[in-house]
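S.K.: Here is how the chains run, residue by residue.
Protein chains: 2
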Amino acid sequence: MGRWEPNARGRLQEAALELYVERGYEQTTVAEIARRAALTERTFFRHFADKREVLFAGSEALQECAVEALDAVPAAASPIDAVAAALEEAAAVLQDRRAYARKRHAVVSANAELRERELIKLATLAAGLAEALRRRGVGEPAASLAAEAGIAVFKVAFARWVGEADERELAEVVRESLGELRAVTGGASGGSR
Amino acid sequence: MGRWEPNARGRLQEAALELYVERGYEQTTVAEIARRAALTERTFFRHFADKREVLFAGSEALQECAVEALDAVPAAASPIDAVAAALEEAAAVLQDRRAYARKRHAVVSANAELRERELIKLATLAAGLAEALRRRGVGEPAASLAAEAGIAVFKVAFARWVGEADERELAEVVRESLGELRAVTGGASGGSR
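Chain order of the listed sequences is W and E.
For the first sequence, UniProt numbering assigns the number 1 to the initial residue and increments by one for each residue that follows.
For the second sequence, UniProt numbering assigns the number 1 to the initial residue and increments by one for each residue that follows.
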């Protein structure tokens, strides 16, 4: 039981996603995931707290990549450009797992509990980017606004990307969406009353 | 038991919030809320599904007000101005219950489950505003971007407003934050790579 299983984590993730797509998330048990991956339940629980966490195990790593990319942006860059660099890095990570990301999105979208979890992860990412901006000396509310607006763009871009039949890169859709946000906000008169 | 209790709903909300502030949300029971309000548990459950819903009972009404305000904006207004009108209406609703809104925010912020619920309500509001924009003929992704960016602004503005000692109106903070979002996004070069 304690022996090392080659790529157990990745096999469990693939097996879980397959089963969630085939049978639905609610109907799938940890025992079934382990069996599909030809591993034991004990091995499953060495890698994941529960069947939900299989889908969110990559969130911390994704956030670390994004924050590192932000930290690496030259100090002279504007806050929104720094956020854009972070989001493009996150996009590149997801791009490498395009098929997985699309299937995962379908599973998450179909379940209220998973959608909630996804919103929390995005809020955590926004908070992490705002914190990284403040470390660069960006004041409030500019730091929070740039980070929250960036996450808003990322959400919209991601939804477009998973829905698109063609093979555009997510980073490209993120850049385009950010340009569209500028057009949307820049075209306004500055008040409605 | 079935008799009409004057303002039972409001009394239960006030009692619940008092107890959540005094003892913590987790430690408070429905029986205690009902007792504090001098009502029965049965009356509580005629108004709310559980102790969590006491805190979110106003969300649907808030969203309806916001969407109605958006629908009333002249067709010539830009999408972001239409969203701004919706958010200012929501701000006015919260302004009328400033003390309640601040206490509620403290309770929600202290509990992970409640923070999740709040994020879902905000995501639902964003989706409702995007839908209202599409009804006006705004295309995608402009509708989703304007709605999501508006909610990003509202989140940041609300957090500033509850944290401020002075007596500014939430609608004013929302307008100011939207202006700052414009400055943040408008000052960028359009790409980071």
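I should point out that these hints are in silico values taken from the structure, not numbers from a laboratory.
You may find that some hints are simply not true.
Copies of one chain are not kept apart here, so a pair can be met inside one copy or by any two copies together.
No more than 20 Å apart at the CA atoms, straight line, and that leaves these computed lysine to any residue pairs for SDA-like [to be verified]: (1) K51 - R168; (2) K155 - E140; (3) K155 - I120; (4) K121 - K155; (5) K155 - R134.
S.K.: Which hint numbers does the structure go against, in order from smallest to largest?
M.R.: 1
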